[in-house]
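Each protein sequence line maps, in turn, to chains D and U. Under numbering that gives the first Met the number 0, the first sequence has 77 at position 78, and the numbering climbs by one with no breaks. Under numbering that gives the first Met the number 0, the second sequence has 6 at position 7, and the numbering climbs by one with no breaks.
If you are wondering where the hints come from, they were derived from the structure by calculation, not from laboratory data. No false leads were mixed into what you were given.
If you want a taste of the chain U side facing chain D, the calculated C-beta under 10 Å gives, among others:
1) 21
2) 22
3) 27
4) 109
5) 112
6) 119
7) 120
8) 121
9) 124
10) 125
11) 132
Now the stretches of chain D that chain U is said to cover, found in silico as 3 or more residues with beta-carbon under 8 Å:
12) 13–27
13) 256–270
14) 359–373
Here the structure is a predicted model, which is why all the values come from computation and not from measurement. Idealized CB from N, CA, C, for every residue including glycine.
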Amino acid sequence: MRRVYLDYAATTPVDPRVIQATAEALASWPGNPSSLYAEGREARSALELARTDVARRIGATHPDEVVFCGSGTESDNAAVLGIARKAVAAGREPHVVVSAFEHHAVLEATQVLAREGYAVDLVAPDVDGSVDPAAIGSALRERTALVSVMHANNEIGTVQDIRAIAEVVHARGAYLHTDAAQSLGKIDVDVRALGCDALSAAGHKIYAPKGTGILYLRKGTPFEPLLRGGGQEGGLRSGTQSVAGAVGFDHALAIMDDERPVEMPRLAGLRDTIERELAARVGPVTVHGSGAARLPHLTNLGIPGCDGQSLLLHLDEAGFAVSAGSACSSGSAHVSHVLRAIGVDGATGEASLRITVGRWTTADDVERFIEAAAAIIDTLRRR
Amino acid sequence: MSGPVWWVALSGGVDSAVAAAVLREGGAQVIGVTLDLGLGGEAIASARCVADAIGIEHRVIDARERFAEAVVEPFALAYAAGETPNPCVLCNEQVKLGLLLPAAMEAGAAGLASGHYARIVGPPGDRRIARAAHARKDQSYFLYRLTPEVLEHVAFPLGELSKAEVRERARELGLPVAERAESQDVCFLAGTTAGRFVSARGVGGHEPGPVLDLEGRVIGEHTGICHYTPGQRKGLPGGSGPLFVVAIDPARNAVVAGPREACEVSGVYLADELWHGSPDDVEAVCVRANASAVRCRVVRSERLTRLELEHPVCAAPGQAAVCYRGDVVIGGGTIVRERST
Numbered sequence: 000m001r002r003v004y005l006d007y008a009a010t011t012p013v014d015p016r017v018i019q020a021t022a023e024a025l026a027s028w029p030g031n032p033s034s035l036y037a038e039g040r041e042a043r044s045a046l047e048l049a050r051t052d053v054a055r056r057i058g059a060t061h062p063d064e065v066v067f068c069g070s071g072t073e074s075d076n077a078a079v080l081g082i083a084r085k086a087v088a089a090g091r092e093p094h095v096v097v098s099a100f101e102h103h104a105v106l107e108a109t110q111v112l113a114r115e116g117y118a119v120d121l122v123a124p125d126v127d128g129s130v131d132p133a134a135i136g137s138a139l140r141e142r143t144a145l146v147s148v149m150h151a152n153n154e155i156g157t158v159q160d161i162r163a164i165a166e167v168v169h170a171r172g173a174y175l176h177t178d179a180a181q182s183l184g185k186i187d188v189d190v191r192a193l194g195c196d197a198l199s200a201a202g203h204k205i206y207a208p209k210g211t212g213i214l215y216l217r218k219g220t221p222f223e224p225l226l227r228g229g230g231q232e233g234g235l236r237s238g239t240q241s242v243a244g245a246v247g248f249d250h251a252l253a254i255m256d257d258e259r260p261v262e263m264p265r266l267a268g269l270r271d272t273i274e275r276e277l278a279a280r281v282g283p284v285t286v287h288g289s290g291a292a293r294l295p296h297l298t299n300l301g302i303p304g305c306d307g308q309s310l311l312l313h314l315d316e317a318g319f320a321v322s323a324g325s326a327c328s329s330g331s332a333h334v335s336h337v338l339r340a341i342g343v344d345g346a347t348g349e350a351s352l353r354i355t356v357g358r359w360t361t362a363d364d365v366e367r368f369i370e371a372a373a374a375i376i377d378t379l380r381r382r
Numbered sequence: 000m001s002g003p004v005w006w007v008a009l010s011g012g013v014d015s016a017v018a019a020a021v022l023r024e025g026g027a028q029v030i031g032v033t034l035d036l037g038l039g040g041e042a043i044a045s046a047r048c049v050a051d052a053i054g055i056e057h058r059v060i061d062a063r064e065r066f067a068e069a070v071v072e073p074f075a076l077a078y079a080a081g082e083t084p085n086p087c088v089l090c091n092e093q094v095k096l097g098l099l100l101p102a103a104m105e106a107g108a109a110g111l112a113s114g115h116y117a118r119i120v121g122p123p124g125d126r127r128i129a130r131a132a133h134a135r136k137d138q139s140y141f142l143y144r145l146t147p148e149v150l151e152h153v154a155f156p157l158g159e160l161s162k163a164e165v166r167e168r169a170r171e172l173g174l175p176v177a178e179r180a181e182s183q184d185v186c187f188l189a190g191t192t193a194g195r196f197v198s199a200r201g202v203g204g205h206e207p208g209p210v211l212d213l214e215g216r217v218i219g220e221h222t223g224i225c226h227y228t229p230g231q232r233k234g235l236p237g238g239s240g241p242l243f244v245v246a247i248d249p250a251r252n253a254v255v256a257g258p259r260e261a262c263e264v265s266g267v268y269l270a271d272e273l274w275h276g277s278p279d280d281v282e283a284v285c286v287r288a289n290a291s292a293v294r295c296r297v298v299r300s301e302r303l304t305r306l307e308l309e310h311p312v313c314a315a316p317g318q319a320a321v322c323y324r325g326d327v328v329i330g331g332g333t334i335v336r337e338r339s340t
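Excised from the complex, chain D in its bound form:
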C-alpha cells in the first residue's frame, strides 16, 4: 500500500529539481572555495552567487550577513551562544529571555548559558500560542543581552509578531534572534520587515538537503563564533563550505518563493479540510493555536478520548506518517513542552496529533487520511 507522508514539519523530501541543482554543483565545483587558484575561485563564485540570492530573498542588506552552516540546530546554537557571549563581553548583563515554547536547539543553548552563570527567563505564550510583546518587555532587564523568540512554532504553527517584539527588545538595547526554521519559504520572511538582528533556518524544511542551514547576522550584531578553525564565512563559521549544500539551499528557497502564491493557498485548503472533516466524523476536536495567526500547512489537533501514541502507531500501520507533538520530543509519551506552554496539561485525556501537508500531498491523500483516522479513533474509543 502506498504510504502517505503528512509530517512535512518534521522534514521534507528533497525536491527533484533541488537534487539536480545540488548534484550539478557537486560535479561542477570540486575545488575548495578558499583556494586561490581557478578551481577554488570557481567554487567560491558559485558559493557567493548562492549567498547573494539567499540574502536578497530574506531581505538582508548585504550578502555577508548570510552565513551558511550545517543545520538549523547549529544556526540556533551559534546565534544564542555567540550573540549572548559577545554582547556580555561588551558590557551587557548575562541575562537572556526566550519564549517557553522555543525549539530545543534554542532552549538547550540557553541551559548552557545558565550553567555559565547567566540568568535565563522563559516567557510563556498565551493559550492561543502567541507571545505577547508586552510580556517580553516585562521580562527584560536594563541591560539584557539577548532575546530569542521563534517566528513560527514547530508544533502548533502559530506565527509571532516579531516586528513588535523587536521594537520592545531594541528599546532596551538588547539583541533579538528568531528561529525561522518552520516559517522560511512558507510565509514572507524578510529580516528588515521583522526587525530581528539574527535569524536561523534549516534546509531540510524547504525541500533542500539535510545538513544545510543559514544564520542571518545583521551587520553590527555582536557574535562570537561557535566553530573555530580556518576562518571561513568571514570568520563567523569555520569549516570548508559545502558549495553544493549552499546551491541546493538557494535553489530550494527560490522554488519555495516562486510557488508560494499558488502552493500555500492550496495547502491551507487541505489543512482546513482535515480540521473540518475530522471534526465532522469524530465529534469536537481542539485545534491548538487556532486563535492566532498560523502557518498554512500545519494543524495540531487535540482529539478527546484516545491516546496519542496509540493513534500515531495505528495510523503508521495504516500507511500514514503523522507526528504526536514534534518529532524531536516524540517517543516520550508525556505532553510536549509546547502544549504545556499553552496550557494543555494532559489531564484531559486528549491525543494530540500534528499533521503537516506539503508539496506531494494531494486532496486524495487527505481524504484517505480522514477516512483512516476517523475509523482508528472510533476503534480506540471503544476500548
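For this one, chain D is given, so just place chain U on it according to the hints.
Same frame as chain D, but now just chain U:
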C-alpha cells in the same frame, strides 16, 4: 521582499480576474497578459478594466498569426473534411500555453496562471492535469495536451473553487465582471455557427450533397457537410422515426443518417496521441467536452491505438478523447474515423 512575478492570462472575464486576485493575495507580483487573437478590441479592453480594478500591470501580446495558423485554419479545414474539431484543445496547447508560457519564462516570471477550472497534481517533475474539485465546472478535458514539463511552471488557482465561490470572490473584489454572463462558445465564431463560419471561408465542405440511409439509398439533400456533426438531429429529412447523423463521408460529400443506435460506436481510434502516463492505467475516457466518462480499455498495436468502450457512445471524428484514471488525465488523442474492417 517583493514576491515572485506571476503572469496571469487575463481574458476579461470573471474567472481569470479572480485567478489573478488569488495569486496577488498569495503574495505574487501579478502581471495580467491578454492575447490579441485578432477578434476585435472588446476582450482586450475588458481585460484592461479588470487589471485596473485589481491594480495590476497589464500587457497585450500579439498572437494573431499563431492563432490563425494553429487554431482557426485547422478548425476550418477539419470541418470542411467532415470532422468536428475542438479548437479550445488546440488553442490551450498551441497558443494560451504554447505562446504565453515561453514568453513568461523569458521575462523572468516564476510561472503562468490562468482561470481554468482544473487541478495540477503530482510531485515536481511528474505533474498531471486533474479534474477540478467541482466537477460541473471541470475543464481538464481542454487541457489534456499539457505535458509535465509545461505544468512545471503553470498554475490554475481556481481548481479547488466552485463557480459560486469565484463569483463571490469577484463581488468582494468589486470586479466589474462579477455579474457578467459567462461565455461558453468558441470565441472566434462570434455568434455564428461553425458551419456558416467554415462555408464563409470557402475551404470546402459547403457544397450541397446527398443524405444517405444506412443502406446507401439517397433519402434527401444536405446543405454542406460542414454543417453536420455525428449525433446531431437537426437538418435531416423526416422519416418513419427520428433520424440522426451517423457519419459524414467526405469522399462522397454525403451525410449518412440513421436511428440513434447507429450513431454509437463501441470503440474509437486515436491520432496525435499523447500519453503522460502508462495507457494501461486508463480507467475511463471522455469523447467530448461535458460528456460523462465511459469506462474503457486501451488496446495498442504497432500502428493503431483503439479505445474499447464498456458501452457504445456517439463519438465524432475530430473531437478529443481524453483518458483518465480517477480524476487524473493520463493522456489521449484526436478521434479518427473508424477503420472499415
